[in-house]
Amino acid sequence: MRNDNKNRRGFSLVELMIVISIIGILVAIGIPAWQSSVRSTNEAAAITHLQRISTAQVTYFNTKNRSGYGTFEQLAGGGYLSKQFAGDTPLVDGYIYKMALTARSGNEPAGFAVNADPQKPTGITATGSRFFYVSSDTGITSNSEKSAGPDDPPAGGGQ
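Okay, so the sequence shown: first residue is 1 according to this note's numbering, each after it adds one.
Don't read these hints as lab results, they were simulated from the structure. C-beta atoms are modelled at their ideal positions from N, C-alpha and C, and glycine is treated no differently. There's no promise every hint is true.
Unchecked claim - Simulated restraints on C-beta separations:
1) Ile25 with Pro109: 25 to 35 Å
2) Thr125 with Ile29: 30 to 40 Å
3) Lys64 with Ile25: 37 to 47 Å
4) Ala86 with Gly123: 27 to 37 Å
5) Thr122 with Asn62: 38 to 48 Å
6) Pro150 with Gly24: 41 to 51 Å
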């Protein structure tokens, strides 16, 4: 009678292959769900940031005797926005923010427009799949194919 099997410890090759296969299946299911969660979180953050930028612009405009809107530098420097928005095109939570200001001229009032575009809109490492826009004339709009503008539909959860 052989007692070799009773004294042997460890896993067989088949058992290890089964465990590795199960781990592979769990990873294959989990990674896309995690990436989708990251994109959704970044998109929700972008909408929230655009709402804050819009509010900060109105506050800045009223504080400066309704003479004009502020740049990201002016808003961040004045405490209207977080310091993470300092710079010409801040990158915050996977989105790149771009602002255009319009000075008051004649009967035309001053204005602002802000685009929030995903840093990487496609692929496995996408930071978001929707593009957002807000201005002094519109609420938040979104587009799933290109930079959003005033003619795009309102963003879900936006104004």
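Here is what the structure says about each hint:
1. One distance hint, 25 to 35 Å for the beta-carbon pair Ile25 and Pro109, is violated here, with the actual separation near 59 Å.
2. Hint check: Thr125 to Ile29, Cβ distance near 18 Å, so the stated range 30 to 40 Å is violated.
3. Evaluation of the 37 to 47 Å hint for Lys64 and Ile25 yields a failure: the beta carbon distance comes to about 59 Å.
4. The supplied range of 27 to 37 Å is met by Ala86 and Gly123, whose beta-carbon atoms lie about 29 Å from each other.
5. Distance hint check for Thr122 and Asn62: the Cβ-Cβ separation is about 40 Å, which falls inside the suggested range of 38 to 48 Å.
6. Look at Pro150 against Gly24: about 47 Å separates their beta carbons, and that is inside 41 to 51 Å.
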